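Residue numbers (this note's numbering), protein chains in the order written: chain A, 1 to 269; chain B, 270 to 814; chain C, 815 to 1168.
Source of the hints: derived by calculation from the structure; they are not laboratory data.
Some hints could be false.
Stated by the list, open to error - Result set (EDC-like, lysine to aspartate or glutamate): computed pairs, CA atoms no more than 16 Å apart in a straight line: (1) K412(B) with E943(C); (2) K309(B) with E943(C); (3) K304(B) with E321(B).
Claimed, not checked - Restraint-style ranges between C-beta atoms, simulated for each label pair: (4) D1073(C) with L339(B): 54 to 60 Å; (5) T901(C) with Q346(B): 31 to 37 Å; (6) G67(A) with K1075(C): 37 to 43 Å.
Treat the numbers as computed from the prediction; the structure is a model and nothing was measured.
Yeah, the Cβ is synthetic: ideal placement off N, Cα and C, and Gly gets one too.
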Amino acid sequence: MKKLSARRRHPLAALVVLIFALAATGGLYAAFAPAEKAQADETSQSLAIEEGKKLYTVGCSSCHGTGGQGTSDGPSLVGVGAANVDFQVMTGRMPAQQPGAQVPRKKVVYTQAESDQLGAYIASLGPGPSVPEEEQYDPAGADIANGGELFRTNCAQCHNFTGKGGALTNGKYAPALDGVSNKHIYEAMLVGPQNMPSFPDGVMPPEDKRDIVAYVDEMNGKEATNPGGLSLGGFGPVSEGLFGWIFGLGALIVVAIWVAARTTKAKKS
Amino acid sequence: MSTTTAADDKRQPAGKGEKLADWADGRLGIYTIAKANLRKIFPDHWSFMLGEVALYSFIIIILTGVYLTLFFKPSMQEVVYDGSYVPLQGIPMSEAFASTVEISFDVRGGLLMRQVHHWAAIVFVASMLVHMFRVFFTGAFRKPREINWVFGFLLLVMGMFDGFLGYSLPDDLLSGTGVRFMEGAVLSVPLVGTYLQMFLFGGEFPGTDVIPRFYTIHVLLLPGIMLGLLVAHLFLVFYHKHTQFPGPGRTNNNVVGMPLMPVYMAKAGGFFFLVFGVIAAMSAIATINPIWSLGPYRPDQVSTNAQPDWYMGFSEGLIRIMPGWEFVIPGGYTLNLGVFIPLMLFGLILTAPMFYPFIEAWVTGDKREHHLLDRPRNRPVRTGIGAAYISLYLLLLVGGGNDLWATHFHLSINAITWTIRIGFFVLPVITFIVTKRICMALQRRDRDKVLHGRETGVIKRLPHGEFIEVHAPLSQEELFTLTSHEQPKPVELEAGTDENGVVRKAGMAQKLRAKLSRGFYGEDNQIPKPTADEYKEITSGHGHH
Amino acid sequence: MSSETGPSKDVSEEHLPSERVSHGAVEPAGDPFADPGLPPHEHRRQDVDERAAKSSERTVALLFVVSMLATIGFIASFVAIPVDRITYIWPMGNISALNFALGMTLGISLFCIGAGAVHWARTLMSDEEHIQERHPIEATPETKAQVLSDFRMGAAESQFGRRKLIRNTMFGALALVPLSGVVLLRDLGPLPEDKLRHTPWEKGKLLINQNTHEPLRAEDVTVGSLTFAVPEGLEHDDPHYMEELAKAALMLVRLEPEDIKDKRELDWSHEGIVAFSKICTHVGCPISLYEQQTHHVLCPCHQSTFDLADGARVIFGPAGHPLPQLRIGVNSEGYLEALDDFKEPVGPSFWERG
Chain A
1 MKKLSARRRH PLAALVVLIF ALAATGGLYA AFAPAEKAQA DETSQSLAIE EGKKLYTVGC
61 SSCHGTGGQG TSDGPSLVGV GAANVDFQVM TGRMPAQQPG AQVPRKKVVY TQAESDQLGA
121 YIASLGPGPS VPEEEQYDPA GADIANGGEL FRTNCAQCHN FTGKGGALTN GKYAPALDGV
181 SNKHIYEAML VGPQNMPSFP DGVMPPEDKR DIVAYVDEMN GKEATNPGGL SLGGFGPVSE
241 GLFGWIFGLG ALIVVAIWVA ARTTKAKKS
Chain B
270 MSTTTAADDK RQPAGKGEKL ADWADGRLGI YTIAKANLRK IFPDHWSFML GEVALYSFII
330 IILTGVYLTL FFKPSMQEVV YDGSYVPLQG IPMSEAFAST VEISFDVRGG LLMRQVHHWA
390 AIVFVASMLV HMFRVFFTGA FRKPREINWV FGFLLLVMGM FDGFLGYSLP DDLLSGTGVR
450 FMEGAVLSVP LVGTYLQMFL FGGEFPGTDV IPRFYTIHVL LLPGIMLGLL VAHLFLVFYH
510 KHTQFPGPGR TNNNVVGMPL MPVYMAKAGG FFFLVFGVIA AMSAIATINP IWSLGPYRPD
570 QVSTNAQPDW YMGFSEGLIR IMPGWEFVIP GGYTLNLGVF IPLMLFGLIL TAPMFYPFIE
630 AWVTGDKREH HLLDRPRNRP VRTGIGAAYI SLYLLLLVGG GNDLWATHFH LSINAITWTI
690 RIGFFVLPVI TFIVTKRICM ALQRRDRDKV LHGRETGVIK RLPHGEFIEV HAPLSQEELF
750 TLTSHEQPKP VELEAGTDEN GVVRKAGMAQ KLRAKLSRGF YGEDNQIPKP TADEYKEITS
810 GHGHH
Chain C
815 MSSETGPSKD VSEEHLPSER VSHGAVEPAG DPFADPGLPP HEHRRQDVDE RAAKSSERTV
875 ALLFVVSMLA TIGFIASFVA IPVDRITYIW PMGNISALNF ALGMTLGISL FCIGAGAVHW
935 ARTLMSDEEH IQERHPIEAT PETKAQVLSD FRMGAAESQF GRRKLIRNTM FGALALVPLS
995 GVVLLRDLGP LPEDKLRHTP WEKGKLLINQ NTHEPLRAED VTVGSLTFAV PEGLEHDDPH
1055 YMEELAKAAL MLVRLEPEDI KDKRELDWSH EGIVAFSKIC THVGCPISLY EQQTHHVLCP
1115 CHQSTFDLAD GARVIFGPAG HPLPQLRIGV NSEGYLEALD DFKEPVGPSF WERG
């Protein structure tokens, strides 16, 4: 393995990593796929776990403990599942930068392949939710209206009507869902990162989650429409009131000043 | 036509317009009305037009509101939506909500009319409030205009409540949360709360009666009363003639400005179109109340950012900062002060301005008519009171949106709530003191300006080496404007003996009044304006300041 | 500054306001602050220069023409643009083309009429200021005396003061007659009775998952998850669906039994699964901002915060009492069921609550 790490910068390294990544993804899938298929992928799976463990030791173990058992600085990762790892790592929340009420979303430091290897390692510590497949969170063909109804029942109380986020106690917050990928939204529901409760498949079946993902995509994605014009942040009456005062009444006062002002006088000769 | 004079008109045969006017005069007496009003004089100042903004937005609201009633169905009958908006297809909702979505997506121009209606409502209440503060700070509420102040106040309050009812009509998740809040507030009323709640909602919350009932109040009852008050308000404006700012040639017994016909017909009429144009453009540019993304109301659903429209925001602030005081009193009854105290404070903060003109008149003992406006700096206590009120109002508005301030400024919502709890008691006091001091400082500056002239910024070196700044003398107009205000004396206690030698003791009310009056006009609360003698002494070159 | 403004023999001329430009009005010798009267009217450019006036006229006419064009644009947009057309317009994003076109054309057509009229008034109509005298509002003493005497005469002729029987019965009748109106309001709604004290929950009713509309099993509810439930048999076509839902909405979470600090809460739970009313005890918002690590729930409306691990005690905000808990268990088939109705009224407090 030392040999491998020495050749990290070899032109073909990216290709090798990609192969590993594919292998890891396949391996993860295999873990939950029918048995005969799993048999074939077992080697690549154990390879990914091996790689993941190395990454873990370097990047995560100082807070989460050498075996993922957790320390005073970070919770136990046994049984959190690969989906949780993918969410935390690929939204940049992990590795955390500084202590605070909540770990914010930030720049992603790991590649998808590395994240998958980490996920494979964490999943090997105890069974947990695995990373969803693309067809699970593909909005195409989902029931958007049902997703909206489920969103308003389960999600809007924290994340706002259209996913603009909201405040929780003592500086914590439910983040805005703008620009969050469908996969990560799905994973968040599945695992309940940080203070968010989870919505396991037993109470919210995968097709319901897909409907919610589709609704968020419709209301908040790139193609989202605001028929009436500027959405003013989608925060409701507070931003509407500010807009009304500043641009409505403000503009009218400017107009009133013009109406009432004296017309310029002819220069005195 | 424009060159003909009145003398020429007599010789010409009556035109068609004149014949029509004759006909109307024979039945309505229009010539007599027009004689007094056609060339009525109105003073020009932009702040006098704030009330016009309110008037015009009210007209816009009525026009668009009538249009909306043609399509809106005020019913809580449950239907399953099958219209063109995909994210709601197949969702059960009330007819009120479904018809509002239909107006927004299937009626051409319906969305625009909804947005104009709602934006105009936001501007309507905002302009009424600003108009009221203009009247307050300039003292335009004083005799003979106290009743018109009350009319205006009633219009503001009714406008607020009509707005609340209006945005509740679509029966969406956001406004439904507001209605649920109202239910809780009604329930908190001691003794009769549950009865009021049952009678208001026709049974348990939400029932199927509340939207139709709100609809009737929103489109008929309140606008009807408001229209009546508005006519009375405008009539009194005409009858009293408009106030004016002090200045050369402007006295308490005249009004200086331009005639209604033609200048104000063009300016005020034109301003209506300007206001309508701005609000229409706003409605083209910015969404308001996108009910389709809020979803239909269900009592088990909610969203964060649950705020009322801005004019109810201060009540939201009150309720959010209140600690949860709830007691069971002997007899087994519950006193829900956590809701009832904010409800009472809401009423108090809302109605306090209505009484102000009468309180000030009593305190100052002023019984004369006032048609000249005060400059706010010359009435430091009144200005301080107004500023303190605004500071409290704004603080509560911030409190009403505490969750948004928390997320946008990365603060703890609990810390914000605590800050506002403390600020509720502290901020108005500080604002009062600071504002009063600023007013006094401005009075001092005016005094210096009158006595020593305006600073020109030109520095001049004297022969013996001293540098001085050249001060330019003020014009007669400026001198008059800066010194023409009255400086009333505080009311004295009518103590002492009456003509029969009996000692009269001042009552509690009298003592309070004298004390308050000193607070208004005592020596520490206004800077004596320069007298002609002081001025002459300095200008004659012998004086030493 | 004032220390520099003292009169000094060298500078008194520029330094002190010893001379003033007066606009012709008389300055009484005694009063330097006298009212100089209205300043003389000054002409605008348009008043003296016909070219400028013509230019103003053209501007006004242009504004009116633009308004006409905008109105035609409004009608054209109404006819030509489909109601569901979505267009991208910076910076607003994907917006309704029709709404934008109608709003802008309407706005321009109205604004230009207003701007034209105001420009006309400002530049071409006479801007000479006029003085109008005010008249006292109070009546003259003679008028007042006349009115009072007329009133007394009328009052005397009516014999109102003399015939007390008529006066008293009339007041009585007038005072009573509005009561009919008040009585009519009685049927606005039913009496409260004990309606606020009961919810559709009762012993044996299954907990139905609001997402799937299927009965919930204990193992479905995992630690850290949040589930919403309604009672079995509560259907959309029920005429009182909304009212029942407004009281019955339930929030389910599973805590580690050792984390539960309140003994009654533990007794009423099933293996750490606790069921609380979703309706805030403050003013009834559906409270459900559950923080799974702190076990706090926050109300999005007014920030009342409850600790679900400690009997849903209020730890912050304006709510006055804990969220009511529903006692739950598991039936023989492994489904979660209610063991009772709520023991106290759900939702906001009221006078008779006790």
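How the hints compare with the structure:
1. Distance hint between K412(B) and E943(C) is unfulfilled; the C-alpha atoms sit about 26 Å from each other, more than 16 Å.
2. Of the supplied pair hints, the one linking K309(B) and E943(C) holds, its CA atoms being roughly 12 Å apart against a limit of 16 Å.
3. A distance of roughly 24 Å separates the Cα atoms of K304(B) and E321(B); the hinted pair therefore is violated under the 16 Å criterion.
4. Restraint check, D1073(C) to L339(B): a C-beta distance of roughly 58 Å satisfies the suggested window 54 to 60 Å.
5. A beta carbon spacing of about 35 Å between T901(C) and Q346(B) agrees with the range 31 to 37 Å that was offered as a hint.
6. The beta-carbon spacing between G67(A) and K1075(C), approximately 31 Å, falls outside the hinted interval of 37 to 43 Å.
When held up to the earlier numbered hints, the structure conflicts with 1, 3 and 6 and fits the remainder.
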